[in-house]
Amino acid sequence: MRHAEALARAGEADRSAYAFTPVPNGLESALDYIARALADQAAGRCLPFALVSTADDRVIGSTRFLELDYWRGPLVWPPAPGRPHGDPLTAVPDAAEIGNTWISGDARGTGINTEAKLLMLRHAFDTWGVRRITLRADARNTRSRVAIERLGATCEGIRRAHSRGLDGAVRDTAFYSILDEEWPTVRDIIELRLSTPRRARVLQDLLPA
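The opening residue of the sequence shown carries number 1 in UniProt numbering; numbering runs sequentially from there.
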């Protein structure tokens with residue numbers, strides 16, 4: 001599969017930073033990671049991306065849209081898992097989550113995560129016309145929560161004992177959101193942060209080779 005070896009390499013460095021997010025560890029793990037992502041995409045549950053630096057065409061991480069909600073279009077009843085309202089074959093999402101994001105150790109602090117979020121938010125609000133974007137993090141993941149808050153997202157609160165964390169412990173989850181009426185302000189905040197010249201970067205689909 002395309003990107004498998006590159007994703008495996010990207011996940012090798014400084015794995016201590018991956019305490020809260022599933023990250024492939026080795027080629028076999030990367031192949032399984034991509035296969036699961038593509039299966040979820042085919043089922044309408046997510047839209048995964050590889051993070052690729054256009055400066056050197058190097059894969060440096062992954063992110064995705066997930067929890068796609070469809071409020072428009074033909075009503076589907078009874079609701080199917082992940083498809084509670086409209087038919088995703090004839091409608092674009094009305095709400096979505098951005099998550100499952102991880103960045104290789106040597107790319108952290110370069111602005112790639114912020115730029116990736118800007119590209120995805122532009123697509124969600126300007127192309128899809130979503131009403132809201134959700135972002136969430138393990139409540140213990142201070143680094144991720146600070147990064148989300150710096151985007152201008154609103155913290156909606158902490159859901160206690162929400163799910164099982166990557167370490168097996170029952171975790172609390174911090175929920176954040178950006179609404180469509182807030183998007184212009186959030187966009188300005190992010191663009192200001194990225195106004196310092198940086199290397200060009202781009203999102204690419206995770207597709208089979």
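FYI, nobody ran anything at the bench for these hints, they're computed from the structure. Quantities reported herein were computed from a predicted structural model and do not represent experimental measurements. There's no promise every hint is true.
As the list claims (entries may be wrong) - Here are the in silico distance ranges between beta carbons for each label pair:
| id | residue 1 | residue 2 | range |
| --- | --- | --- | --- |
| 1 | Asp57 | His123 | 19 to 29 Å |
| 2 | Thr54 | Ile158 | 31 to 41 Å |
| 3 | Gly168 | Val92 | 16 to 26 Å |
| 4 | Thr127 | Arg193 | 19 to 29 Å |
| 5 | Ala13 | Leu194 | 29 to 39 Å |
| 6 | Ile158 | Leu27 | 15 to 25 Å |
| 7 | Gly26 | Asp57 | 17 to 27 Å |
| 8 | Glu28 | Leu179 | 20 to 30 Å |
| 9 | Asp106 | Leu31 | 17 to 27 Å |
| 10 | Arg36 | Glu12 | 18 to 28 Å |
Glycine included, every Cβ here is placed at the ideal spot set by N, Cα and C.
Verification of the supplied hints:
The given range of 19 to 29 Å is respected by Asp57 and His123, whose C-beta atoms sit roughly 22 Å from each other. At about 37 Å, the CB distance of Thr54 to Ile158 agrees with the hint of 31 to 41 Å. The hint said 16 to 26 Å for the Cβ distance between Gly168 and Val92, and at roughly 37 Å that hint is violated. Hint check: Thr127 to Arg193, Cβ distance near 22 Å, so the stated range 19 to 29 Å holds.
About 24 Å separates the C-beta atoms of Ala13 and Leu194, a value inconsistent with the hinted range of 29 to 39 Å. Distance hint check: the CB atoms of Ile158 and Leu27 are about 37 Å apart, inconsistent with the given range 15 to 25 Å. Gly26 and Asp57 have their C-beta atoms about 22 Å apart, which keeps the hinted 17 to 27 Å range intact. Checked against the given bound of 20 to 30 Å, the beta carbons of Glu28 and Leu179, roughly 41 Å apart, lie outside it.
Hint check: Asp106 to Leu31, Cβ distance near 23 Å, so the stated range 17 to 27 Å holds. Between Arg36 and Glu12 the CB atoms are about 20 Å apart, so this pair conforms to the stated range of 18 to 28 Å.
Consistency note: the structure conflicts with the earlier hints numbered 3, 5, 6, 8.
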